[in-house]
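8 protein chains.
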Amino acid sequence: MSSKSGFCDLGFAKVDIDRKQRRGFAEAIYCAGKTREHIKNIACQLIKNRQDVLLTRLDKQTFDYLKKQIPGLKYNLLAKIGFLTKRPSLAKKGLVLVISAGTADLPVAEEAAVTLEVMGNRVKRLYDVGVAGVHRIMHHAGLLKKAKVIIVAAGMEGALASLVSGLVSVPVVAVPTSCGYGASFAGLSALLTMLNSCSPGIATVNIDNGFGAGYFASLVNK
Amino acid sequence: MSSKSGFCDLGFAKVDIDRKQRRGFAEAIYCAGKTREHIKNIACQLIKNRQDVLLTRLDKQTFDYLKKQIPGLKYNLLAKIGFLTKRPSLAKKGLVLVISAGTADLPVAEEAAVTLEVMGNRVKRLYDVGVAGVHRIMHHAGLLKKAKVIIVAAGMEGALASLVSGLVSVPVVAVPTSCGYGASFAGLSALLTMLNSCSPGIATVNIDNGFGAGYFASLVNK
Amino acid sequence: MSSKSGFCDLGFAKVDIDRKQRRGFAEAIYCAGKTREHIKNIACQLIKNRQDVLLTRLDKQTFDYLKKQIPGLKYNLLAKIGFLTKRPSLAKKGLVLVISAGTADLPVAEEAAVTLEVMGNRVKRLYDVGVAGVHRIMHHAGLLKKAKVIIVAAGMEGALASLVSGLVSVPVVAVPTSCGYGASFAGLSALLTMLNSCSPGIATVNIDNGFGAGYFASLVNK
Amino acid sequence: MSSKSGFCDLGFAKVDIDRKQRRGFAEAIYCAGKTREHIKNIACQLIKNRQDVLLTRLDKQTFDYLKKQIPGLKYNLLAKIGFLTKRPSLAKKGLVLVISAGTADLPVAEEAAVTLEVMGNRVKRLYDVGVAGVHRIMHHAGLLKKAKVIIVAAGMEGALASLVSGLVSVPVVAVPTSCGYGASFAGLSALLTMLNSCSPGIATVNIDNGFGAGYFASLVNK
Amino acid sequence: MSSKSGFCDLGFAKVDIDRKQRRGFAEAIYCAGKTREHIKNIACQLIKNRQDVLLTRLDKQTFDYLKKQIPGLKYNLLAKIGFLTKRPSLAKKGLVLVISAGTADLPVAEEAAVTLEVMGNRVKRLYDVGVAGVHRIMHHAGLLKKAKVIIVAAGMEGALASLVSGLVSVPVVAVPTSCGYGASFAGLSALLTMLNSCSPGIATVNIDNGFGAGYFASLVNK
Amino acid sequence: MSSKSGFCDLGFAKVDIDRKQRRGFAEAIYCAGKTREHIKNIACQLIKNRQDVLLTRLDKQTFDYLKKQIPGLKYNLLAKIGFLTKRPSLAKKGLVLVISAGTADLPVAEEAAVTLEVMGNRVKRLYDVGVAGVHRIMHHAGLLKKAKVIIVAAGMEGALASLVSGLVSVPVVAVPTSCGYGASFAGLSALLTMLNSCSPGIATVNIDNGFGAGYFASLVNK
Amino acid sequence: MSSKSGFCDLGFAKVDIDRKQRRGFAEAIYCAGKTREHIKNIACQLIKNRQDVLLTRLDKQTFDYLKKQIPGLKYNLLAKIGFLTKRPSLAKKGLVLVISAGTADLPVAEEAAVTLEVMGNRVKRLYDVGVAGVHRIMHHAGLLKKAKVIIVAAGMEGALASLVSGLVSVPVVAVPTSCGYGASFAGLSALLTMLNSCSPGIATVNIDNGFGAGYFASLVNK
Amino acid sequence: MSSKSGFCDLGFAKVDIDRKQRRGFAEAIYCAGKTREHIKNIACQLIKNRQDVLLTRLDKQTFDYLKKQIPGLKYNLLAKIGFLTKRPSLAKKGLVLVISAGTADLPVAEEAAVTLEVMGNRVKRLYDVGVAGVHRIMHHAGLLKKAKVIIVAAGMEGALASLVSGLVSVPVVAVPTSCGYGASFAGLSALLTMLNSCSPGIATVNIDNGFGAGYFASLVNK
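Protein chains in written order, with the working numbering: chain X, 28 to 249; chain W, 28 to 249; chain F, 28 to 249; chain L, 28 to 249; chain B, 28 to 249; chain P, 28 to 249; chain C, 28 to 249; chain E, 28 to 249.
So here's chain X without its partners, still in its complex pose (with noise of 0.2 Å):
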């Protein structure tokens, strides 16, 4: 099917190679549940049509195969990030801060810092400062307000994304994380923590949507 109509027809995919200039980024791959064939024919495509490449929960022997066929390809283990992107000159000024609660969260968190930087965000991380020392987070008090946008990644209780929204001025963009056991019913507990904040200025995405989050600030620092 030719690309007058916005997008290649592979059969088991329809890629959309009208994402960039619809909503000014490409369509990113979310690879899950596909094979490893599919991945690399919807990669190639975008690649043909002078789309970025973004590459999400991809595991590191799929990338392996990967890099073989697309050279160029780059790879972040902990984020499970491939990407091939011409990246951008920092032309959005404003600085995203990524902020987890503990060291268990860094996945969703890289996740996240990973997907800002290959859409031309500046980044900073601030890891492990969650509730329960808060003088951590009270610590950075400055670093926060330097920020126009702020992630705040929280497994458990979720408690850290009401506390820094209440000591800033700027969105907070909340993603609840799978960490914890129990009653943390692999996330949910973080999620509603998030849901139901008390400080408003707090919008949540799904348990362990690092991508997501990092997608969606990345449009509030245009």
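Quick caveat, the hints were computed from the structure, so don't treat them as lab data.
We treat Cβ as the ideally placed atom computed from N, Cα and C, and that holds for glycine.
Computed cross-link-like contacts, DSS-like style, restricted to lysine-lysine with a CA-CA straight-line distance of at most 25 Å: (1) B:Lys172 - B:Lys120; (2) B:Lys173 - C:Lys31; (3) E:Lys175 - C:Lys175; (4) L:Lys47 - B:Lys173; (5) L:Lys119 - B:Lys175; (6) F:Lys113 - F:Lys87; (7) X:Lys172 - P:Lys175; (8) C:Lys172 - E:Lys119; (9) C:Lys31 - C:Lys67; (10) E:Lys119 - C:Lys120; (11) E:Lys151 - E:Lys101; (12) B:Lys119 - L:Lys119; (13) B:Lys172 - L:Lys47; (14) C:Lys175 - C:Lys119; (15) B:Lys119 - L:Lys173; (16) F:Lys175 - W:Lys175; (17) P:Lys249 - X:Lys173; (18) F:Lys173 - F:Lys151; (19) B:Lys31 - B:Lys75.
With the Cβ distance kept under 8 Å, some of the chain X side facing chain P (calculated, not the full set): (20) Ala55; (21) Leu222; (22) Ile229; (23) Gly239.
Fit chains W, F, L, B, P, C and E to the known structure of chain X by using the hints.
Okay, now just chains W, F, L, B, P, C and E, sitting in the frame of chain X:
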């Protein structure tokens, strides 16, 4: 036990050999949770009684075992369906359209499509046309009008069924898939979406139940 | 806004006057959560554009208010449906059978039956034939064979849909009702039963959604 | 600790050697989550105190270990039950009928049946008679009348318990199984069905609790 | 419709007049969700066919209406049960013991007790003996030994059923009540407790289903 | 307590008079669950400290009481918001678009829109453009392009947020509403839909939280 | 029944008059779901046996009825507690601090505080210091250090308990409240937050269970 | 970063070296979801700052790696706890009693007991005394009286906490375990039981959170 009763008693199973006459199609065998010996014996009993054989949730290893015992048994790997039928000469004239929102929904969509084909329907597939790039489904508006019944397989938020239903005047059979993570709760999110559609003309089957969607659509297409 | 766009813009509502042409039946008005002035204005707009009027979840008081404004508006108290249609001369020849498991399911069953009648279908009702006394449904085996599509409304454990489906070769549209208490969780029990039926040939609509069941069955009965 | 207290104290366990006298049958050992050494020591303590031994959820490997230590220990692979009893001469005259809806429910049904046999009951099995082909259970109406108590094991929508109960005048013990997928939610669907039955005369045990169903039915059959 | 079919067809209801012969007791009428005219007509049909009448979930106002139409109809306010029976001369010799954990569980316990009495059982009540003061139930150990079957009604955490079961050798029918607040989730907590009892010999009915518990216990007590 | 601490201590409340300086807007008062005296005292304290007043979930009766005490207090009945602000001269140039899927979602959409206006944003409303008639939102594609941030309020299946997000390059703030019945579970269905959107660029607030959506969008629009 | 058994048998209740000796405080009466006659009789029985009286969930009307029968009975309207005690001379020296996150949490916080006072504890209240304005709780750091045990009542996201716990070295008893809406699910969100706290030193009681929190804290404060 | 701030910044972690002074015990390291390098670095940082080390959810392999780096590190296999402490000379005089309902609850009970010992408490264990054989706990009534605080670990229906609480006048810390299957929903059943206890004097921690129970009890035992 004699077949006068409408079933053959194998002890561990009472094979329903009255099914085709009563319901128009033979008893399908749901293979999950059955031993391969059980599956083989039930299938052989069906063959002995001149019933078609349709095996769902059949993994490759079990198929490899079965095909040694049952000459002519065919297999579709993506749909995980085994079958042995006297394919009817497409007595059903209506076209059934099987739509998927994403590439990761293909196993479920294919389970529906293969079931439809085994049951003698004309089938067309339209894959990866989810709402994130709505121009893809709009591009195929003409094809939508030609179907007598439409199946929509979608995971994550499952919004595609509502959109399709709003464009057509035929029944839409919605099948939620377990694609997604976090608050998709293994397909619950898509299931609720489909049940709550603001667009009338949709009925829903169980999560990942491509077979059920195909079977139901085949009854509609009589 | 002109109707060229396919809708009339009332500010609080964009009435879809393209619906009948596009989908075969006019936009139905779901009255719950709307003010009576809103309902009246939408209904009048439909009439002005020569569309049929079908009002669901319409309580008696609101109907009494509306009928003063809209001459000829009819009302079915049990189904809570108001309507004003040029009843077609039963263009659809197939019979739709509406079955209820118990007497307490009647409001939902009637919502389905009246919707079907307003949409021009031949309808028969078979009420209170639940599985606690299975001889009742067995007594009507002949009637079951005559239907082109069957609706089953059931609350509590909702087992009737599976039983009926196992006896026929036509599609069964299952509508769970909120009848019951305790672990019925306001219809959840019956909903899950219907979604998990071991008998293929069933598709399900939302809890208490008699309108949706009737609308869907009417599409099947074309 | 002396057994005057009614138990033997092994530190990690207090073996209830008063159980047979107090409750009519010895303490059964639920093996899941216990080390094989723990299981062995508890079983030996029971034997030393002349109690019967009944081991549930016992996997084959653990049984192989145990039988070296405990001569005469028997095992039923499908039911995953180990036992060492002085089988009583069927003092309980009543017949207990164990029914399963499908072939995949057999492990649970067998856990119930073997428990009943170990506890000295006369047992008959009637398997794969689910509601998708209701003629199968109807064919055995005579057998249903002969039972003093009936167990029904069913997964998916679990409708069989209601149907059976409506045909008989004896208690029906319903045991939901985790057979199914998607919205069966690992047996929740069948559990809710059984709890909400419109047919009185049913009581329910935990999902997959064939042992509990058998134990309870044995008490009824005294 | 003639009664040869085993039921009387009132259109809105098919009264099961074969129930007593088939199941040992007439069809009970669950009044919630039925109009009082419907209730009256069903009850009169039962009387005409010489069946006993048992009306559950019957509120006082509806009873006041009914007693004008049905001479001799009796009512138990706490249990919300109406009945008109030829009380049998206690053919069932066994004693049924109805236990409640707290005073607030009385309506459910009484629904069970009255159902048992109407069905001809000898009943004793033992109320407010919950685990918070375990000496109360221990004080009645002798009474526990005399019962042939025991019903335990409990809300909140519902722990009493396990405790009682551990003391006796007869079946315990557990009925969770909706007493409680917060994380009792309207009886869910007590329901789960009873289903997961570590003490075998318990089977459970629906939340607040005193009628079902009584009916089941009556079958056990035959 | 002196205001040096950044709050005024009323005993039952510690009014945060540092909020405007710290976060850019005064503390909003969530009125549900507070007595009218409490609300009045908090509001007066804010006024005394020259903070704006924004009262959410304020019913008409309480407003009538308050306006006697607080001259100049304004009220929006549909949004249930009371306010007393020195309206800024629209310092924020960006346009915020508030979209609703249906007419029944208006109270939530209006809560968002009025919050935005009180906080000094330019707002446009686009109501009743749900996916059941997708031509309605497509007709306004031009308007979508003009917004700097978009709010989408939708109940039932909540699919509109995904569709809108797929058409634009700005952040979409999704607010699920409790419109619907049955398996909408009071807004849960729409909430899950929005969290699981296949279209990136969406963040979600609590069910019916129009205030939170408006507040967040206002921060984005700085 | 004589009180030798440790209880008085009123038929509908077995009043535990051994409670004070066994547990240190008399049986409290949970009034919800009990008739006022039942409450009166239980209270009088306690008085007769020289036990303190503590009535929870006592509405004003029932109190007005009771105070006519029981001279000296006192009432706290906000806490909905009635009581008649010989107030001990504050034998417990430790200070218990009762903290609430918001003003709407006061009824639960007061139920805890009054329970503590009736049980002879020194109590201080610190209300409306939620995380949205963290300077409020920080301002009272000195007070936090003086408590021997702390109760934190919070609804919505319930984050305050974690924050407080992280600042102190004494046990924190967390009581979630049902304040909130939407995805707070009537207190579930706050409950999960408190159970999943990343800060050790917290234990949780049921939603809205101010009495339980107070009672537990009083035991800790011995 | 200097330790003046009260923490050491390792980038991926901000180690809270102010914890012992502020809270009485050093920061415990929750090992699940952390790499072994991360764990090692955090532990070494604590040692460098003269804090005790307590590692929870530490599997054997990771311990084997760590003990090569950290001389003197000890390990309890059943409790999955690693620790390196200057054991205090039992400054806390009170006895803490750790009770388990069954043998399968031992890992959780031991996590509590070892935590208590590491924190300097006198501990006694009383295992396998669940309600199925209530004479076992009754036999130890004397021991119950000697404790200053009691921990009860129980899975399945979790009824033991209520029973124990009813016998004593000290605080009971309840820890639900995930032992069980089916409707235990991985510990949810026991959790709800403990939260809804009819016996006051219980507070609850997260499912399987033996560490949290031990830590909390240690604070009570000061």
